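**Q** The whole structure should be built from the sequences, with the hints applied where relevant.
These are the residues of each chain, in order.
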Amino acid sequence: MYFTKSIFALLFALVFFSSCEKEEPIEPTPSKLETMAIPMGSDYAKQCFFDLETKTIVAQNDRWSWDLAFESSADGYHIFLNSAKLMYAKNTGKKNFNQVYSYSYDQRTSKYDMPSGNPDSTAIGEWGQKSAESVSTYGDVYIIDRGMDRNNQPIPPKKMIVQGLSNNTYNIRFADLDGSNEHEIAVPKNADYNRIFLSLDGAGSLVQVEPAKDTWDLAFTMYTHIFYEAPSNIPLQVDTLPYLVNGVLLNQNGVMAARDTSIDFDSLMISDADNFTYSDVANTIGYDWKSFEFDEENYVIDSKLHFVVKTVEGNVFKLRFTDFYDEQGIKGTPTFQFQQLK
Amino acid sequence: MFFIGNRNAAYRTPPMLLRFCVFFLLLLTLFHARAQRSITLTDTAGKPVVDAYIVLYQLAGNGQETVFTDNNGRAQYALEGQVIIEARHMQFDLLRDTLNQKEAKYTLRPNNINLSETVITGQYMPVSQKQSLYPVQIIGAEKIERRAVFNLSGLLSQELNIRITQDNVLGSGLSLMGLGGEQVKYLLDGVPLLGRMNGDIDLNQINLIDVERIEIIEGPVSVLYGTNAMGGVINIITRTTQQQKVHASVGTYYESVGNYNVDASVGFYKKGHFLGLTGGRNFFDGFALNSGQRDQDWNPRTQYFGAVKYGYQFKRVRVLLNSNILSETISNKGNARAPLYVSAFDDKYNTIRWNNSLSVSGDLAKKHYFNVMGAYSFFERKKNTYRTDLTTLESLLVADTLAHDTSSFQGGLFRGYISRKSDIGMFNYQVGTDINIESGTGRRIKDGVQTIQDYAVFASLKFKPVAMLTIQPALRWAYNSSFKAPITPSLNIKISPSESWVVRLSYARGFRSPAIKELYLDFFDVNHNIYGNPDLKAEYSDNAMLSLAYEWQNESHRIKFNPSFYYNAIRNDIELVRDYDTTYDVGSAQPFTYSNFASSQVMGANVRFTYSYKKSPIVSVSSGFNSANYHLDENSAATGFYFSPEVSIDASYLIPKALLNVSLFYKFNGKLNQPYLSADATIGAQLIEAYHLMDITISRKLWKDRFTLSAGAKNLLDVRQVYFTGGEGGVHSSGTNYILMAWGRSYFVSLRFNFNS
Numbered sequence: 001m002y003f004t005k006s007i008f009a010l011l012f013a014l015v016f017f018s019s020c021e022k023e024e025p026i027e028p029t030p031s032k033l034e035t036m037a038i039p040m041g042s043d044y045a046k047q048c049f050f051d052l053e054t055k056t057i058v059a060q061n062d063r064w065s066w067d068l069a070f071e072s073s074a075d076g077y078h079i080f081l082n083s084a085k086l087m088y089a090k091n092t093g094k095k096n097f098n099q100v101y102s103y104s105y106d107q108r109t110s111k112y113d114m115p116s117g118n119p120d121s122t123a124i125g126e127w128g129q130k131s132a133e134s135v136s137t138y139g140d141v142y143i144i145d146r147g148m149d150r151n152n153q154p155i156p157p158k159k160m161i162v163q164g165l166s167n168n169t170y171n172i173r174f175a176d177l178d179g180s181n182e183h184e185i186a187v188p189k190n191a192d193y194n195r196i197f198l199s200l201d202g203a204g205s206l207v208q209v210e211p212a213k214d215t216w217d218l219a220f221t222m223y224t225h226i227f228y229e230a231p232s233n234i235p236l237q238v239d240t241l242p243y244l245v246n247g248v249l250l251n252q253n254g255v256m257a258a259r260d261t262s263i264d265f266d267s268l269m270i271s272d273a274d275n276f277t278y279s280d281v282a283n284t285i286g287y288d289w290k291s292f293e294f295d296e297e298n299y300v301i302d303s304k305l306h307f308v309v310k311t312v313e314g315n316v317f318k319l320r321f322t323d324f325y326d327e328q329g330i331k332g333t334p335t336f337q338f339q340q341l342k
Numbered sequence: 001m002f003f004i005g006n007r008n009a010a011y012r013t014p015p016m017l018l019r020f021c022v023f024f025l026l027l028l029t030l031f032h033a034r035a036q037r038s039i040t041l042t043d044t045a046g047k048p049v050v051d052a053y054i055v056l057y058q059l060a061g062n063g064q065e066t067v068f069t070d071n072n073g074r075a076q077y078a079l080e081g082q083v084i085i086e087a088r089h090m091q092f093d094l095l096r097d098t099l100n101q102k103e104a105k106y107t108l109r110p111n112n113i114n115l116s117e118t119v120i121t122g123q124y125m126p127v128s129q130k131q132s133l134y135p136v137q138i139i140g141a142e143k144i145e146r147r148a149v150f151n152l153s154g155l156l157s158q159e160l161n162i163r164i165t166q167d168n169v170l171g172s173g174l175s176l177m178g179l180g181g182e183q184v185k186y187l188l189d190g191v192p193l194l195g196r197m198n199g200d201i202d203l204n205q206i207n208l209i210d211v212e213r214i215e216i217i218e219g220p221v222s223v224l225y226g227t228n229a230m231g232g233v234i235n236i237i238t239r240t241t242q243q244q245k246v247h248a249s250v251g252t253y254y255e256s257v258g259n260y261n262v263d264a265s266v267g268f269y270k271k272g273h274f275l276g277l278t279g280g281r282n283f284f285d286g287f288a289l290n291s292g293q294r295d296q297d298w299n300p301r302t303q304y305f306g307a308v309k310y311g312y313q314f315k316r317v318r319v320l321l322n323s324n325i326l327s328e329t330i331s332n333k334g335n336a337r338a339p340l341y342v343s344a345f346d347d348k349y350n351t352i353r354w355n356n357s358l359s360v361s362g363d364l365a366k367k368h369y370f371n372v373m374g375a376y377s378f379f380e381r382k383k384n385t386y387r388t389d390l391t392t393l394e395s396l397l398v399a400d401t402l403a404h405d406t407s408s409f410q411g412g413l414f415r416g417y418i419s420r421k422s423d424i425g426m427f428n429y430q431v432g433t434d435i436n437i438e439s440g441t442g443r444r445i446k447d448g449v450q451t452i453q454d455y456a457v458f459a460s461l462k463f464k465p466v467a468m469l470t471i472q473p474a475l476r477w478a479y480n481s482s483f484k485a486p487i488t489p490s491l492n493i494k495i496s497p498s499e500s501w502v503v504r505l506s507y508a509r510g511f512r513s514p515a516i517k518e519l520y521l522d523f524f525d526v527n528h529n530i531y532g533n534p535d536l537k538a539e540y541s542d543n544a545m546l547s548l549a550y551e552w553q554n555e556s557h558r559i560k561f562n563p564s565f566y567y568n569a570i571r572n573d574i575e576l577v578r579d580y581d582t583t584y585d586v587g588s589a590q591p592f593t594y595s596n597f598a599s600s601q602v603m604g605a606n607v608r609f610t611y612s613y614k615k616s617p618i619v620s621v622s623s624g625f626n627s628a629n630y631h632l633d634e635n636s637a638a639t640g641f642y643f644s645p646e647v648s649i650d651a652s653y654l655i656p657k658a659l660l661n662v663s664l665f666y667k668f669n670g671k672l673n674q675p676y677l678s679a680d681a682t683i684g685a686q687l688i689e690a691y692h693l694m695d696i697t698i699s700r701k702l703w704k705d706r707f708t709l710s711a712g713a714k715n716l717l718d719v720r721q722v723y724f725t726g727g728e729g730g731v732h733s734s735g736t737n738y739i740l741m742a743w744g745r746s747y748f749v750s751l752r753f754n755f756n757s
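Protein chains in written order, with the working numbering: chain A, 1 to 342; chain B, 1 to 757.
Simulated from the structure, these hints should not be mistaken for lab results. None of the values given here were measured: they were computed from a predicted structure. Positions of the beta carbon are idealized from the N, C-alpha and C atoms, including for glycine. Careful: at least some of the hints might be erroneous.
[Stated by the list, open to error] Pair ranges (Cβ atoms, derived):
{"#": "1", "chain 1": "B", "residue 1": "Phe483", "chain 2": "A", "residue 2": "Thr240", "range": "35 to 43 angstroms"}
{"#": "2", "chain 1": "B", "residue 1": "Ala399", "chain 2": "A", "residue 2": "Ala203", "range": "33 to 41 angstroms"}
{"#": "3", "chain 1": "A", "residue 1": "Asn151", "chain 2": "B", "residue 2": "Phe378", "range": "30 to 38 angstroms"}
{"#": "4", "chain 1": "A", "residue 1": "Thr169", "chain 2": "B", "residue 2": "Pro534", "range": "54 to 62 angstroms"}
{"#": "5", "chain 1": "B", "residue 1": "Asp400", "chain 2": "A", "residue 2": "Leu33", "range": "24 to 32 angstroms"}
{"#": "6", "chain 1": "A", "residue 1": "Phe227", "chain 2": "B", "residue 2": "Phe483", "range": "36 to 44 angstroms"}
{"#": "7", "chain 1": "B", "residue 1": "Tyr747", "chain 2": "A", "residue 2": "Lys55", "range": "38 to 46 angstroms"}
{"#": "8", "chain 1": "B", "residue 1": "Phe483", "chain 2": "A", "residue 2": "Asn151", "range": "27 to 35 angstroms"}
{"#": "9", "chain 1": "A", "residue 1": "Thr109", "chain 2": "B", "residue 2": "His404", "range": "41 to 49 angstroms"}
{"#": "10", "chain 1": "A", "residue 1": "Thr240", "chain 2": "B", "residue 2": "Asp400", "range": "30 to 38 angstroms"}
[Unchecked claim] Straight-line alpha carbon distances no greater than 20 angstroms define the calculated PhoX-like cross-link-like pairs of lysine-lysine that follow:
{"#": "11", "chain 1": "B", "residue 1": "Lys367", "chain 2": "B", "residue 2": "Lys270"}
{"#": "12", "chain 1": "A", "residue 1": "Lys304", "chain 2": "A", "residue 2": "Lys290"}
{"#": "13", "chain 1": "B", "residue 1": "Lys704", "chain 2": "A", "residue 2": "Lys5"}
{"#": "14", "chain 1": "B", "residue 1": "Lys701", "chain 2": "A", "residue 2": "Lys5"}
{"#": "15", "chain 1": "B", "residue 1": "Lys537", "chain 2": "B", "residue 2": "Lys446"}
{"#": "16", "chain 1": "B", "residue 1": "Lys315", "chain 2": "B", "residue 2": "Lys348"}
[Said to hold, decoys possible] Sample of chain B residues at the chain A side, in silico, Cβ under 8 angstroms:
{"#": "17", "residue": "Pro339"}
{"#": "18", "residue": "Leu340"}
{"#": "19", "residue": "Phe345"}
{"#": "20", "residue": "Gly362"}
{"#": "21", "residue": "Lys366"}
{"#": "22", "residue": "Arg387"}
{"#": "23", "residue": "Leu390"}
{"#": "24", "residue": "Thr391"}
{"#": "25", "residue": "Thr392"}
{"#": "26", "residue": "Leu393"}
{"#": "27", "residue": "Leu396"}
{"#": "28", "residue": "Val398"}
**A** In structure tokens, the structure reads:
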């Protein structure tokens with residue numbers, strides 16, 4: 001009987017005491033790599049400009065703080081939209097500023113900047129006739145759709161004429177569609193910068209966004225990516241699908257990058273990096289080092305994909321992303337490891 | 001013996017003094033316990049029959065009295081003179097006699113109806129299974145014990161016409177006769193269960209501790225139970241009284257896959273008062289097909305549950321207060337995240353179910369039975385996401401509102417009916433009302449909260465022109481605050497040509513109201529653009545059924561044979577479809593909405609056969625098929641009928657010398673077409689492979705029946721995933737071509753201690 005009792009006691013004890021979730025901690029992996037986290041906010045509000053050599057965020061700003069960016073190099077004259085808020089522009093073809101008072105989205109004439117950052121692929125495009133370092137305007141009235149605000153609501157558009165570029169200064173005339181709030185503003189170039197930034201709020205104002213062009217390598221920002229394969233069952237005859245993505249753009253001042261999935265990141269050496277093909281296309285690093293997994297409902301890092309970056313100063317770094325979340329689990333903090341190879 | 005006596009004997013007016021004396025005596029009787037005479041009832045073994053219900057009629061005069069027997073089988077009454085006694089008890093034949101003595105003793109004959117064969121679901125009053133107009137399937141406590149299961153999902157997986165489906169997060173759902181769980185009404189002691197997260201209830205959350213029996217009506221019972229009851233009703237009935245003064249029970253259960261369960265209950269009974277307390281904990285540590293990963297195919301879950309019941313029998317009226325609660329935590333661990341594998345996202349789902357009801361039922365005057373119930377139910381499900389640092393195992397709640405979600409439902413119910421129940425008259429009737437108010441809150445519900453009110457009345461007429469024929473037409477009319485409620489008719493016919501045969505014929509209309517989510521969902525973000533459709537109509541079905549029941553028994557053998565056939569046409573099926581009428585911004589997600597869309601026909605046939613020899617062996621074999629045909633509208637192509645067979649076996653044998661009870665359970669689920677609606681709104685076939693489930697349990701009672709020790713093997717054939725061909729596997733396909741069915745073979749041992757006094 002004692003034996004039977006013991007068995008019963010054991011059975012009870014087994015169920016009472018052995019039933020809890022158990023898990024053992026794992027050892028942290030030692031790493032000599034540098035790790036950097038870029039906190040952009042869970043709504044990806046910040047644009048951050050990062051320098052690999054000094055391992056610092058050189059400058060950062062709110063992505064809704066500006067609308068237009070003007071090429072600042074001696075012979076540059078292109079105007080970029082703030083693609084971090086899904087802006088587009090439309091050339092109305094009209095020359096009379098007061099004749100333009102309404103607009104509608106049109107697949108053919110409403111254009112987004114290309115994510116490549118190439119000046120020949122801007123939505124505003126060739127707005128005038130260039131001669132030497134001046135540009136005389138064609139006088140077209142543009143609709144500037146200012147994209148989406150912080151709450152994902154459309155920002156009322158402006159109409160705009162680029163009146164010209166002379167003496168290293170752009171001249172802009174803009175107003176609400178009904179003609180109110182009409183202002184003119186001068187945007188002077190500065191050779192230390194890639195671009196000069198303008199906000200169309202109120203009377204218009206110049207905004208400090210990018211730091212001096214020799215001081216940074218990578219911009220962490222939202223930008224508009226153009227997808228070319230719309231799902232076949234979309235009734236609208238779209239052949240492109242502009243979409244806001246979170247990613248990394250290269251400084252268009254000579255920074256180059258290569259993508260690689262063939263070599264193990266830890267063993268990647270300068271000898272491997274020398275064989276890669278480098279590109280200065282702005283979105284070479286881009287956004288697709290992460291993807292949203294519907295099953296797990298979170299962003300997953302592509303663990304095979306990594307990059308080699310040649311910086312403004314000519315150094316070579318390898319870089320891979322390790323996370324898109326901060327240590328509190330909030331998204332919008334791209335985290336990466338990097339190591340100088342040369 | 002019956003109606004003999006001196007009913008016509010003349011009385012002379014007594015003298016004044018005598019009259020005064022009689023009045024005084026009468027007063028005395030009123031002030032003293034009027035118990036001057038008594039009846040004692042015993043069964044054939046001499047044990048007292050408790051809670052028998054006795055009606056006494058004064059032979060001379062209009063006096064009438066109702067009493068119940070106590071724990072000694074004794075009932076006292078005050079009527080004087082010769083009385084007619086009618087004693088009723090579920091387990092015994094009706095006793096009628098005329099008596100005049102002070103102390104009378106009777107032995108009741110067992111009526112060969114097992115207590116568990118009494119049914120209440122859909123009835124005028126509690127009746128035997130055989131008397132019911134609906135074919136009601138019963139799963140009794142005895143079978144639940146032999147199956148060694150602890151929740152509804154485990155129990156129903158072996159039942160004919162039922163298929164269980166599994167979801168890692170949403171839990172277990174079912175289909176009944178080819179209809180999904182959203183088209184099945186679940187009642188817990190008559191109160192509808194809330195918390196349909198994706199149309200269905202998580203059956204793992206429905207505990208079977210303290211359950212007396214489960215009644216299943218296959219086919220629509222919407223006339224009585226309204227929405228969802230178009231595929232059938234599953235009514236879980238818990239113990240609400242007991243015969244012993246004190247009854248206590250403690251049970252433990254261990255299953256090798258990782259189940260550790262403990263429960264305890266105690267009940268007290270005294271003079272018509274019953275108080276019952278139940279509590280327990282179920283723990284499951286999760287299961288993964290491939291070991292070594294954090295993300296498990298079967299998530300760990302911990303449940304705590306408890307119930308308080310108070311019942312009081314007052315003459316022929318029974319009052320019952322019932323409150324039960326369940327708290328569950330499912331932890332859905334994420335895999336270690338690439339490329340460093342040092343952190344993971346873990347989701348925790350906390351569910352609370354709380355049901356409260358007060359019901360009063362019993363006899364109203366002589367010929368009526370009434371049942372009134374008020375209930376309040378609460379359901380809440382919270383999802384929280386944590387980031388776990390795998391180097392320290394520190395878990396931090398993610399401070400992002402989008403990572404968390406709370407859905408809650410509250411339901412108020414008032415339900416009452418009155419039936420004329422006399423089994424003699426040609427016409428009997430039932431009228432009742434069913435008021436349901438349900439509100440849902442959640443981040444994705446339009447305006448945060450929505451309420452649906454449904455006011456219904458129902459009536460039926462039971463027409464019995466001859467003894468062997470019963471015809472019962474019924475109608476339900478309802479007003480619903482959110483959509484136009486349909487008028488629901490039904491017609492049930494029961495023919496009993498002989499003692500052994502019962503033939504049941506029925507036509508019934510069933511319906512399912514659009515759920516709060518389907519009417520008012522508002523789910524809009526970067527990846528989703530899904531909204532409810534407030535113009536939805538109810539889904540409805542027309543169901544025809546023929547069921548035959550044959551029963552034969554002598555002293556040692558008993559045979560039951562029950563073939564049935566059904567045809568069910570379902571219309572206005574609500575589906576989530578791409579909305580082509582709504583334009584949407586370039587760059588945002590495509591709009592989806594709910595629409596009355598598909599229709600289907602399901603037909604099937606079943607045969608249930610049970611043979612028993614005395615107490616053992618008992619063998620039940622049931623088999624059937626159902627076949628479904630789906631199409632979208634009149635013009636589009638149908639999938640065609642696809643026949644899917646099923647076999648279910650339940651065999652038990654009591655090894656006499658060892659006193660071991662051995663049970664074998666087997667279920668074959670044939671290849672099934674589970675069509676899916678693709679994103680471009682066409683129906684595609686998806687064939688799920690056949691599979692077999694088999695359990696063996698052995699149990700033995702020990703120490704004067706105080707302990708029951710059971711052990712056995714579940715899922716002997718080691719079924720884990722079942723493969724399917726065709727189909728997309730859902731909107732966000734993960735590319736797998738199997739569905740999770742079970743966690744493979746596992747062994748269990750369970751021990752239960754019972755104490756009575």
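**Q** Of all the hints given earlier, name the ones this structure violates by number, lowest first.
**A** Hint check: 7, 11, 16, 20, 21 fail, others pass.
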